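Enquirer: Chain by chain, the residues run as shown.
There are 4 protein chains.
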Amino acid sequence: MEQEKQKPSRLEDLNQYEIVVQRLLERGVNLEEIAEITYDLQKKYIPELTLEYCLIHVGKVVKKREVQHAVITGLELDILAEKGLLSEPLSSMLLNDYGLYGIDEVMALSIVNVYGSIGFTNFGYVDKLKPGIIGKLDEEGKLPGKCNTFLDDIVGAIAAAAASSIAHRFSK
Amino acid sequence: MEQEKQKPSRLEDLNQYEIVVQRLLERGVNLEEIAEITYDLQKKYIPELTLEYCLIHVGKVVKKREVQHAVITGLELDILAEKGLLSEPLSSMLLNDYGLYGIDEVMALSIVNVYGSIGFTNFGYVDKLKPGIIGKLDEEGKLPGKCNTFLDDIVGAIAAAAASSIAHRFSK
Amino acid sequence: MEQEKQKPSRLEDLNQYEIVVQRLLERGVNLEEIAEITYDLQKKYIPELTLEYCLIHVGKVVKKREVQHAVITGLELDILAEKGLLSEPLSSMLLNDYGLYGIDEVMALSIVNVYGSIGFTNFGYVDKLKPGIIGKLDEEGKLPGKCNTFLDDIVGAIAAAAASSIAHRFSK
Amino acid sequence: MEQEKQKPSRLEDLNQYEIVVQRLLERGVNLEEIAEITYDLQKKYIPELTLEYCLIHVGKVVKKREVQHAVITGLELDILAEKGLLSEPLSSMLLNDYGLYGIDEVMALSIVNVYGSIGFTNFGYVDKLKPGIIGKLDEEGKLPGKCNTFLDDIVGAIAAAAASSIAHRFSK
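Chains as they are written, first to last, in the working numbering: chain H, -9 to 162; chain F, -9 to 162; chain B, -9 to 162; chain E, -9 to 162.
A couple of the hints might just be wrong.
Identical copies look the same in the list; a pair holds intra-copy or inter-copy alike.
Derived pair list, reagent style DSS-like, types lysine-lysine, alpha-carbon separation capped at 27 Å [claimed, not checked]: (1) K34 - K73; (2) K120 - K53; (3) K136 - K73; (4) K33 - K120.
Think of the hints as simulated: they come from the structure by calculation, not from any bench.
No experiment lies behind these values; they were computed from the predicted model shown.
Next up, chain H with everything else stripped away, as it sits in the complex (with noise of 0.2 Å):
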């Protein structure tokens, strides 16, 4: 598979990207296991494809200072809601992952946008149906005191957006 150069561009902030990383990996997540995801939404439309490649595609989105912001964020809230330093309420919608709140998904939109429209799908998919990961957070954000009301909308968006990336690299 072509190797890709991975210069720095001007959307991308290569500072933050070790901060994030290392948020995510506090948080219980780490890259592959974003990468698998977009394997499996990706390897019927290109048999080549490998885990690695995904792999490359996660960290380049995870680059783009507009998808650091949006994890910051998302991952400060929960955070702050496990230590019960959000007030009512937001501390109750978000430690019950209460359906009707949307700003999860507006910000992992975000996160999608990135990459163009065509990741919308990708990411309704994985987040209805947990795959992986994903299906792990949801369940542990069930758990008393536990809160991952947007980091499991934000590992979804992540793995969207990378399919995405691919996509357009592989189209003709």
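With chain H fixed as given, assemble chains F, B and E onto it according to the hints.
Expert: Positioned in the frame of chain H, the structure of chains F, B and E alone reads:
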């Protein structure tokens, strides 16, 4: 199930409602078929849900002016593609439902947005799995000279928006 | 001007309405000040428009659940930034209203979207020109220890959404 | 000002770039006129900014596949409206640039989104104030038989996206 009055609001256009319903019918879609998708999306959350109730909410969605404009514009593009009245490269992109063309998703999202961000997930899910009439439209769209590029996304978006409308109604 | 009944709809949450109005007040914003921006946006199109009528529509916007969630989440982040409860780099980005941080705009857009896409223009316009209370909030936000990063966008988005609501009402 | 290499990325389509530039020209818009709007938006933040540099970034925006699809689709609708090939009520809505029709803004937003949410503000601002070529297009669109309903929003969106691209480039 509680009776809801159907008073027209300022965001609704009842004259155009008839036109939109007729236009969908001419393209092979009736509102009942859209309501079936909504029903399948929501029945697991609301045991007492009926198809009739879903149909009421599909009707509400189609009465919204923003939705009507998206439907009218999208269907026009499908029809013009079939008639050979579009210039290249747009004509080929629409007739082949080109995977990297995302304007159909963009327009679908403007429909979903009318009932808030919680509908993104349902839209992506049905757009991927293509249940019921969506799958039929997708297959039909592959026939030579036939174009359902916008229509299948629009149907999925109306179904998802109606599901959101119902979810808001049943919230505590 | 025609009297409109204010029957709660399924997308409205009246309990949370009081909380949101109170929260805005605590941050220095009353609905009248938002209505003034709406009035300035729409008076050139609707000569008979009154400030009272704008206030009714600002109230309608703030009764929408999607809007309430955006307000509650955004204000919480501003407040937590002021209290020093956010981790870095988010804390510095919010306290300095970092120009490339766009999550405040993302959240504002979810407010504007509730009345359809015609509100984008008005939102961008007031976000740039900062009329009335928005300019005051922007200035205040530059004081040490003060953070209005989300609040000024939220106020602009509510004003723009109310302008859209009025435009829909006065359409033929 | 630093020289930037213009290596095509996976999101760019250089063949279609020529088509899009040509199509804009046929509708009376050259990229320099778009760059002038970008220049006016950003010069107050970046004193050393040149029109040439803005033009490079306008070119970058127009090389993005998502942007090309929005331009091609929007211009097609304007042209078909002028040719009398659209059915009612879409034909009248486009020829009269009907104020409650928001699909032009929806499509514009898909252009702005490519460089992240910070561009919303600039888009709304130029869409309202109609500087330079946008004002000219708006006036021209009012002539009988002429339709620039999509074009003026598209031009504003490209200018705003280029401003975002430059802002990302100049960030610390």
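Enquirer: Compare the structure with each hint and give your call.
Expert: Quick rundown of the hints versus the structure:
1. K34 - K73: Intra 42 Å, inter 33 Å, cutoff 27 Å: neither.
2. K120 - K53: Classified as within: same-chain Cα gap 24 Å, cross-chain 32 Å, threshold 27 Å.
3. K136 - K73: The answer is both: 9 Å in one copy and 23 Å across copies each meet 27 Å.
4. K33 - K120: both (17 Å within a copy, 19 Å between copies)
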